[in-house]
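Starting from the given sequences, assemble the full structure and let the hints guide the process.
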Amino acid sequence: MNKKSGILGVVVISIIVVIVASMSSSTDETFDVEMTRTHGSISTGMGSPLLGDPLAPVTIVEFGDYQCHQCYNWFHDTKPMIMRDYIETGKVNLVFVDFAFLGRDSPKAAQATYCADDQSMYWEYHNSLYTSQESKIDNGWASSERLKAFAFNLNLDMDSFNECLDSEKYSKRVQYNSQQARDNGVRGTPGFFIVGSDYEQQQIGGAQPFSVFKRILDSMI
Amino acid sequence: MIEILKVIFSNFKFLALSVIIFSSMMIVLLIISEFIFLEPYFVTHIPSGSELGFILITILSGLSALVIPMNLFRIIHLKNSKQKMGGSIFGAIVGSAAGACSCGPIGFAVISTFGSVGATATAFLTNYEIPIRIIAILILMITYFTTIKSLKTECKIQF
Chain W
1 MNKKSGILGV VVISIIVVIV ASMSSSTDET FDVEMTRTHG SISTGMGSPL LGDPLAPVTI
61 VEFGDYQCHQ CYNWFHDTKP MIMRDYIETG KVNLVFVDFA FLGRDSPKAA QATYCADDQS
121 MYWEYHNSLY TSQESKIDNG WASSERLKAF AFNLNLDMDS FNECLDSEKY SKRVQYNSQQ
181 ARDNGVRGTP GFFIVGSDYE QQQIGGAQPF SVFKRILDSM I
Chain S
1001 MIEILKVIFS NFKFLALSVI IFSSMMIVLL IISEFIFLEP YFVTHIPSGS ELGFILITIL
1061 SGLSALVIPM NLFRIIHLKN SKQKMGGSIF GAIVGSAAGA CSCGPIGFAV ISTFGSVGAT
1121 ATAFLTNYEI PIRIIAILIL MITYFTTIKS LKTECKIQF
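As you go down the protein sequences, you meet chains W and S in turn.
The first sequence begins at 1 in our numbering and counts up one residue at a time.
The second sequence begins at 1001 in our numbering and counts up one residue at a time.
The set of hints was computed from the structure by calculation and includes no laboratory data.
Note that beta-carbon positions come from the ideal geometry of N, C-alpha and C, so glycine has one too.
Some clues are possibly wrong.
Computed, partial: chain W to chain S, Cβ under 10 Å [as the list claims (entries may be wrong)]:
id, residue
1, 67
2, 74
3, 130
4, 137
5, 148
6, 209
Below 20 Å or equal to it, Euclidean Cα-Cα: the simulated SDA-like pairs (lysine to any residue) are [what the hints assert, rightly or not]:
id, chain 1, residue 1, chain 2, residue 2
7, W, 214, S, 1046
8, W, 136, S, 1048
9, S, 1149, S, 1005
10, W, 91, W, 220
11, W, 214, W, 46
12, S, 1006, S, 1019
13, W, 136, S, 1052
14, W, 136, S, 1106
15, S, 1149, S, 1004
16, S, 1152, S, 1007
17, W, 136, S, 1097
18, W, 169, W, 46
19, S, 1149, S, 1076
20, W, 136, S, 1110
21, W, 214, S, 1043
22, W, 214, S, 1007
23, W, 136, S, 1007
24, W, 214, S, 1040
25, W, 136, S, 1006
26, W, 136, S, 1120
27, W, 136, S, 1040
28, W, 136, S, 1149
29, W, 214, S, 1132
30, W, 136, S, 1096
31, W, 214, W, 53
32, W, 172, W, 214
33, W, 136, S, 1132
Shown next, in the form of structure tokens:
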């Protein structure tokens, strides 16, 4: 009798342990719809938050490196017109996916944007990087100290930001994004995919002028 | 000086060679430097702040188109040494390499193939694109004047 009750007790405890373990596991790995986000053939779930109306019929996926001067050119010459005519009018949204390959400071700069995203300041930080970019690669303008200074200028919580950046919390996220670029045949930055609602997909390589984007976007909207 | 140029470029072969060198170098460098795009549409574009790069490419292509045929003329017609030819080729290559390895496909290919060494080389060529192009132009100008001087002496052209 004692032996039977002992076995029964072990079984009951085992069942309880399994249930508790599975409950705690499901709590830790909360299913995040954003993680599975795709645009055409590209997994963008690890990229930036969407810029613009999430329901817009067309999405621009930009692959970029924060140290790339052509990305800087596109950011200053072409993007403002796309913002004005397409994103702010709800016709198009944009997602930025890191392709950090140019220098040793590139991955760190990309990681810093996600540390800013933890405080809901992704796009503000992204903009401050492209506004502050210097023409020389790895000359220190995107060093850890400078990345922290950019965060300070945006009034981010510095304890949280520093811990995030120093721990390389988003290292794998940036690596994943760079692999997405390679897997989708991107061979330099900036690289773009314009994805329509019917999964029609058009690739654009380089910092091309607004007229090219306008022609493609107008044909898809 | 102009008499020498007239002598060389009155020959159709040297004139054609010059046109080919200028146009091919100009087009390739403009594509590499993203002033010309072929896909998805043919489009030309000079971003603000890139005007100096465009001007240097034009000067580099023009000087290469001038100096390389002049040195070939010297070698073919005067059976002279190939020493100065090396200077013109070197200047053209140095000028072309600068800026080619930026964030575009060539830079990506170099970094993918050679890893950190490729990344360092790419960073150097990108960071010093303008000074390298100016040095290449200076090399071509020196080669141009020494070639003119050499042709003056060797051809015994009197002005």
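Out of the numbered hints, which ones does the structure contradict? Of the numbered hints given earlier, those the structure breaks are 3, 5, 11, 22, 23, 25, 27, 28, 29 and 32, listed in rising order.
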